[in-house]
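Enquirer: Sequence:
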Amino acid sequence: MSLFVFLLFFIWIHPDTKAENIECLKNPRSSNCVALSDISSKSVDELEIFQASMTTLPTSYFLQFGYQNVSEIKLCSSHVRNIEDDAFAGLTRLKRLHLSNNFLKTLTSAGFRGLEQLDMLVLSFNKIDKIEEGTLKGLTSLIYLNIRNNELSVIPNEIQELNNLKYLDMSHNDFSNVNVILKSNSLNFLRLSSCKIVTLTENSFKGTPQLQLLDISYNLLTTLPFQLLQPLTALVVFDVSDNLFDNGFPNIYKPENLTNVTSKYSGSLSDLLKYINETKSKSYSSKLLNKELLNKIASWLIPMLCIFGALFSYFLYAVITSTNKFKLNQ
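Take the sequence shown: its letters are residues -19 to -1, 1 to 311, numbered as in mature numbering (1 follows the signal peptide of the UniProt record, and there is no 0).
Keep in mind that the hints are not guaranteed to be accurate.
Unchecked claim - Heads up, simulated PhoX-like pairs for lysine-lysine below, C-alpha to C-alpha not over 25 Å straight-line:
no., residue 1, residue 2
1, Lys187, Lys177
2, Lys147, Lys187
3, Lys177, Lys108
4, Lys235, Lys187
5, Lys147, Lys76
Because the hints were derived from the structure by calculation, they are not lab data.
All chains should be modelled from the sequences, with the hints used to inform the complete structure.
Expert: Pasting the structure below:
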């Protein structure tokens, strides 16, 4: 069994300090600046960098310091504007990448190249308005993708090629002029809150049959197509709160498993999974109880019907016998 080593660094870079000169805050009172290359990279499993002034993430940046074994990188609130091609080259074990609260605008096709093992990508709170074709294509293991609070106006077509994607958050973008149509047979959780969506068609979510949560709250919807949710047989939570419906909540088809409609769900992903599992369990228990109740009713009703049938047969026999006797006496 291989030894698992966990070492988490909180790294702070002075605004006037070069990117390769950082402070490793093992001790909150420490003020010793060391080079990234001076940190023992072999034992580092998770690396956290914040408040850095490094506008460009250069090619092979982490590999040059020997961080090829790292499984998680958090490079947040660090003024990053550009990711050069192959910036994460050689990080074949990287599973989780957080780049939130930066100034990214365009994601290039080779920026995330080589990250076949990546299962979580967080790009929230940037200024992304363009995702070049091919950017997401190589992320074949991706399960969790968060692009909320950006400036996207088009939903990337490559999302449908992410065959393992379960969770997608594109809230707080601008899809007002987009006919929202998604295709993903693996997607379970979809958030499109506060995207200025004006209209949806009955085919908008036809390509996402495995959805368990759909959040389209805080948009500009005035109505919903009756068949909107018909393909979503697994749907449990449907949030359409804070829209502009003309005549209250619209009359729409509701899938059998749907138990939570319109209420705002803001819990964590783990809480959501727990809620859905509990809901499914309650639904199953309810069905089981109903089945047991029907069995009890049947076990009581069948003997009663038998008794009633026997009494009716006896009564009918008595009537027929009496009639025959009356005829004979005549």
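Enquirer: Holds or violated: are the alpha carbons of Lys187 and Lys177 at most 25 Å from each other?
Expert: 21 Å, holds
Enquirer: Starting from Lys235, check that the Cα of Lys187 is at most 25 Å away, please.
Expert: 14 Å, holds
Enquirer: Within 25 Å, alpha carbon to alpha carbon, are Lys177 and Lys108?
Expert: Holds, because 17 Å separates the two Cα atoms, which is no more than 25 Å.
Enquirer: Below or equal to 25 Å on CA atoms is what counts here, so check Lys147 against Lys76.
Expert: 15 Å, holds
Enquirer: Compare the distance between the alpha carbons of Lys147 and Lys187 with 25 Å, and conclude whether the hinted pair is satisfied.
Expert: The hint holds at about 16 Å.
When each numbered hint is compared with the structure, no violation occurs for any of them.
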